[in-house]
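Colleague: So the sequences go chain by chain: A and B.
Going by the UniProt record's numbering, the first residue of the first sequence is number 1, and it counts up by one from there.
Going by the UniProt record's numbering, the first residue of the second sequence is number 1, and it counts up by one from there.
No lab work stands behind these hints: they were computed from the structure.
Among the clues, some could well be false.
[Stated by the list, open to error] Just the calculated beta-carbon pair ranges, DEER-fashion:
1. A/G289 x B/L201: 33 to 43 Å
2. B/R282 x A/L106: 24 to 34 Å
3. A/G203 x B/V218: 28 to 38 Å
4. A/T232 x B/L128: 51 to 61 Å
5. A/E31 x B/N161: 19 to 29 Å
6. A/G139 x B/R46: 23 to 33 Å
7. A/E31 x B/L28: 54 to 64 Å
8. B/I193 x A/P17: 52 to 62 Å
9. A/L106 x B/T43: 33 to 43 Å
10. B/A314 x A/G26: 40 to 50 Å
11. A/L171 x B/T205: 52 to 62 Å
12. A/R187 x B/L28: 50 to 60 Å
[As the list claims (entries may be wrong)] These stretches of chain A come out as covered by chain B in the derived footprint (C-beta under 8 Å, 3 or more residues):
13. 115 to 124
14. 128 to 134
15. 268 to 280
Cβ coordinates follow ideal geometry from the N, Cα and C atoms, glycine included.
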Amino acid sequence: MSDPISLRGMIPHLALPLALAVMLTGFSAVEPRSLSAGNLLNVLEQSSYLIVFTLAQTVVLLTRGFDLSVGMAASAVSVAAALAAVSAGPAAGLAVALLLAGAVGLLNGTVVALLRVNPFVATLGMLNICLGLASTLSGGRPVTGVPEGLTTLFYSGTVLGIPAPVLIAALCSLGLALLLHRTVFGRSLYLTGGNPRAAEVAGVRVRATLIGAYTLCALLAGLGAVMLTARTGSGEPSLGGSLTLESIAAAVIGGVSLRGGSGGVTGAVLGAVFVTALSNGMNLTRVDGNVQMIVLGVVVVAAVALDRFRDSR
Amino acid sequence: MSVHLPSHHPQPQQGAERLMLAVAGIGLLPLLLLALVAVLALTEPRFLGTANLLNILRSASVLAVVASGQMLVLIVGGFDLSVGAVVALSSTVGATAMAGAAASGVSPALAITVGCAAGLGAGALVGLVNGLCVAVLKVSPFMVTLGTMSAASGVALLLTNGIPVYGLPDGFVTGFGRAVWLGLPSALVVSLILLGVVAVLQRHTLAGPALRAVGGNVQAARVSGVAVRGWTVSAYVGCSLLAALTGLLLTARIGSGQASLGGLNMTMESIATAVIAGVSLRGGAGRVEMVALGAVFLAVISNAMNLSRVDSKAQLVVLGVILIAAVALDELGKRRRVRV
Numbered sequence: 001m002s003d004p005i006s007l008r009g010m011i012p013h014l015a016l017p018l019a020l021a022v023m024l025t026g027f028s029a030v031e032p033r034s035l036s037a038g039n040l041l042n043v044l045e046q047s048s049y050l051i052v053f054t055l056a057q058t059v060v061l062l063t064r065g066f067d068l069s070v071g072m073a074a075s076a077v078s079v080a081a082a083l084a085a086v087s088a089g090p091a092a093g094l095a096v097a098l099l100l101a102g103a104v105g106l107l108n109g110t111v112v113a114l115l116r117v118n119p120f121v122a123t124l125g126m127l128n129i130c131l132g133l134a135s136t137l138s139g140g141r142p143v144t145g146v147p148e149g150l151t152t153l154f155y156s157g158t159v160l161g162i163p164a165p166v167l168i169a170a171l172c173s174l175g176l177a178l179l180l181h182r183t184v185f186g187r188s189l190y191l192t193g194g195n196p197r198a199a200e201v202a203g204v205r206v207r208a209t210l211i212g213a214y215t216l217c218a219l220l221a222g223l224g225a226v227m228l229t230a231r232t233g234s235g236e237p238s239l240g241g242s243l244t245l246e247s248i249a250a251a252v253i254g255g256v257s258l259r260g261g262s263g264g265v266t267g268a269v270l271g272a273v274f275v276t277a278l279s280n281g282m283n284l285t286r287v288d289g290n291v292q293m294i295v296l297g298v299v300v301v302a303a304v305a306l307d308r309f310r311d312s313r
Numbered sequence: 001m002s003v004h005l006p007s008h009h010p011q012p013q014q015g016a017e018r019l020m021l022a023v024a025g026i027g028l029l030p031l032l033l034l035a036l037v038a039v040l041a042l043t044e045p046r047f048l049g050t051a052n053l054l055n056i057l058r059s060a061s062v063l064a065v066v067a068s069g070q071m072l073v074l075i076v077g078g079f080d081l082s083v084g085a086v087v088a089l090s091s092t093v094g095a096t097a098m099a100g101a102a103a104s105g106v107s108p109a110l111a112i113t114v115g116c117a118a119g120l121g122a123g124a125l126v127g128l129v130n131g132l133c134v135a136v137l138k139v140s141p142f143m144v145t146l147g148t149m150s151a152a153s154g155v156a157l158l159l160t161n162g163i164p165v166y167g168l169p170d171g172f173v174t175g176f177g178r179a180v181w182l183g184l185p186s187a188l189v190v191s192l193i194l195l196g197v198v199a200v201l202q203r204h205t206l207a208g209p210a211l212r213a214v215g216g217n218v219q220a221a222r223v224s225g226v227a228v229r230g231w232t233v234s235a236y237v238g239c240s241l242l243a244a245l246t247g248l249l250l251t252a253r254i255g256s257g258q259a260s261l262g263g264l265n266m267t268m269e270s271i272a273t274a275v276i277a278g279v280s281l282r283g284g285a286g287r288v289e290m291v292a293l294g295a296v297f298l299a300v301i302s303n304a305m306n307l308s309r310v311d312s313k314a315q316l317v318v319l320g321v322i323l324i325a326a327v328a329l330d331e332l333g334k335r336r337r338v339r340v
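Throw the hints in and build the complete structure from the sequences for me.
Modeller: Written out as structure tokens, the structure reads:
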């Protein structure tokens, strides 16, 4: 740990908030509305979904893993939960969501940890399976008629004026931060990602840690899926299209290393806010959707290149 | 990441061991493919029809070319998520340039040349960016190609607004894309030639061992004088060029440039094909003949499922399971060999 007072040690932690501030100022020069309180709150609320998915991705990235199935798992969970909620009420919907997400994560973790399949391939296979599941269950159409209870709890409700999605994202961030820094499991994630052999020698139960990581990741993604389902009021088979790549991009922009073992909740949250603010700003300044794709691509590459540069110093 | 403790294997079962070794010698994939074809030929009369077989080979050839490019990158220990986007990019850029040149009144031959050069150039540019970022800036291949994937498909959509580009010269579409040479679709012939070129490069030139050395052990490769950066960049450029050629082949067959060609699906399939064909994700190993076989294998499976009317959504699930099973079997086989 660097001396907290030295400015140099602070630079890596200040770079992203600074970039965020510069970006917002830039957008406000073109479109004054982008800095209005209403829009900033809007960005925060929009971010809460990506934050949950980015936290999910962060858990596996810490173990030097990957989860390409996050987005499609979210689609499958959204459809299954909506179907259950429509026919048997909100509680059944939640239960199905938890069970399905847990099963997906457990399977991912088992294949990675016990069969030692490369995480990329394991979760790529799972992506296909979830995609098939989501489109079969839904027949390709949105599942409408999600009960009010679910929408209130995960979307429209407020506590002390704070919208439910923001509150859930904050609770998840806090919970994960405590888990990562205060529990054996959390420390095991870092050790496993930093150096799996050393971790094994040091007595970390690497396989159990990996299975736990993929399961936790899928459960968080399942929660995100329920939040998105509540927002649209329907189970959407196309929900997860770009979520996987956005969650990886946000985590990496937030300084979570692809080489495992480094990164944290603060970075992941900031990364997710950054990506959301970028797309919100571009929407407000009427940047063409296709140009937005190009910009996101450039930002991702730049962020990783900067990360390497920081490392090599 | 795996720790192989020396295990005290009990008396090996002779028969089973010998079978395992025989399978390891030939490889599981050819045997599986043979078994699959035999079963299909016996149970499904339509399977052996000429039209059906050509259909299988045509879809396998497209996949094989893209997957052989993916293989080059996997051998040097990388990844290329941008191949599907490069297919779309070369299709739209190539078609736009070709149609533009044709409309300006130059000879069709010149228009075709200009279009192909533009498509290949766009592809090569993406490959160059990928390669330089990976080899010189040392950025993770996953993230670089994720970025270029997003950028390339953005450019393809921006260029066309999602509308197909028509107005390609007849010589390109009917004279090439839909032509039949020696009784085979032209795309199949071109793909075979491309795969042959990759095979020759891999077996009879420095490229094969050099790429394997870079992927197998960078330090050792550097010490033994292999130009690591140069070969890494070449692998990415080669991969993108093969994807760009596929884009042009598809454009010629369809008769228009489309931003919806390729896509993430083709990228995923190319990685699946390479992995099923035994190309290691840790780098250092992979053969183009096996990749071609892997593409045929996947094409046969998908054809069999179509013939027996398996729902296209369920097919996705099957592909996913096959992919995981292939790698899991490969890992288990390796562990067994280590123990023996």
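Colleague: Next step is simple, just say for each hint if it's right about the structure.
Modeller: Checked hints:
Taking 33 to 43 Å as the suggested C-beta distance range, the pair A/G289 and B/L201 conforms, at roughly 40 Å. Separated by about 25 Å at the C-beta atoms, B/R282 and A/L106 satisfy the suggested range of 24 to 34 Å. Here the CB-CB span from A/G203 to B/V218 is close to 31 Å, well matched to the stated 28 to 38 Å. For A/T232 and B/L128, the hinted distance range of 51 to 61 Å is not satisfied, since their beta carbons lie about 41 Å from each other.
Taking the beta carbon of each, A/E31 and B/N161 are about 24 Å apart, inside 19 to 29 Å as hinted. Separated by about 28 Å at the C-beta atoms, A/G139 and B/R46 satisfy the suggested range of 23 to 33 Å. Taking the beta carbon of each, A/E31 and B/L28 are about 59 Å apart, inside 54 to 64 Å as hinted. A hinted range of 52 to 62 Å holds for the C-beta pair B/I193 and A/P17, which are about 55 Å apart.
Between A/L106 and B/T43 the CB atoms are about 36 Å apart, so this pair conforms to the stated range of 33 to 43 Å. Separated by about 48 Å at the C-beta atoms, B/A314 and A/G26 satisfy the suggested range of 40 to 50 Å. The supplied range of 52 to 62 Å is met by A/L171 and B/T205, whose beta-carbon atoms lie about 59 Å from each other. Checked against the hint of 50 to 60 Å, the pair A/R187 and B/L28 fails, with Cβ atoms roughly 40 Å apart.
Counting residues of the segment 115 to 124 of chain A whose beta carbon lies closer than 8 Å to any beta carbon of chain B gives 8, which meets the minimum of three for the stated coverage. For a cut-off of 8 Å, the count of residues in the segment 128 to 134 of chain A with a CB near a CB of chain B stands at 5, and the three-residue condition holds. Interface restraint, the segment 268 to 280 of chain A with chain B: violated (0 residues with C-beta to C-beta distance below 8 Å; minimum three).
Consistency note: the structure conflicts with the earlier hints numbered 4, 12 and 15.
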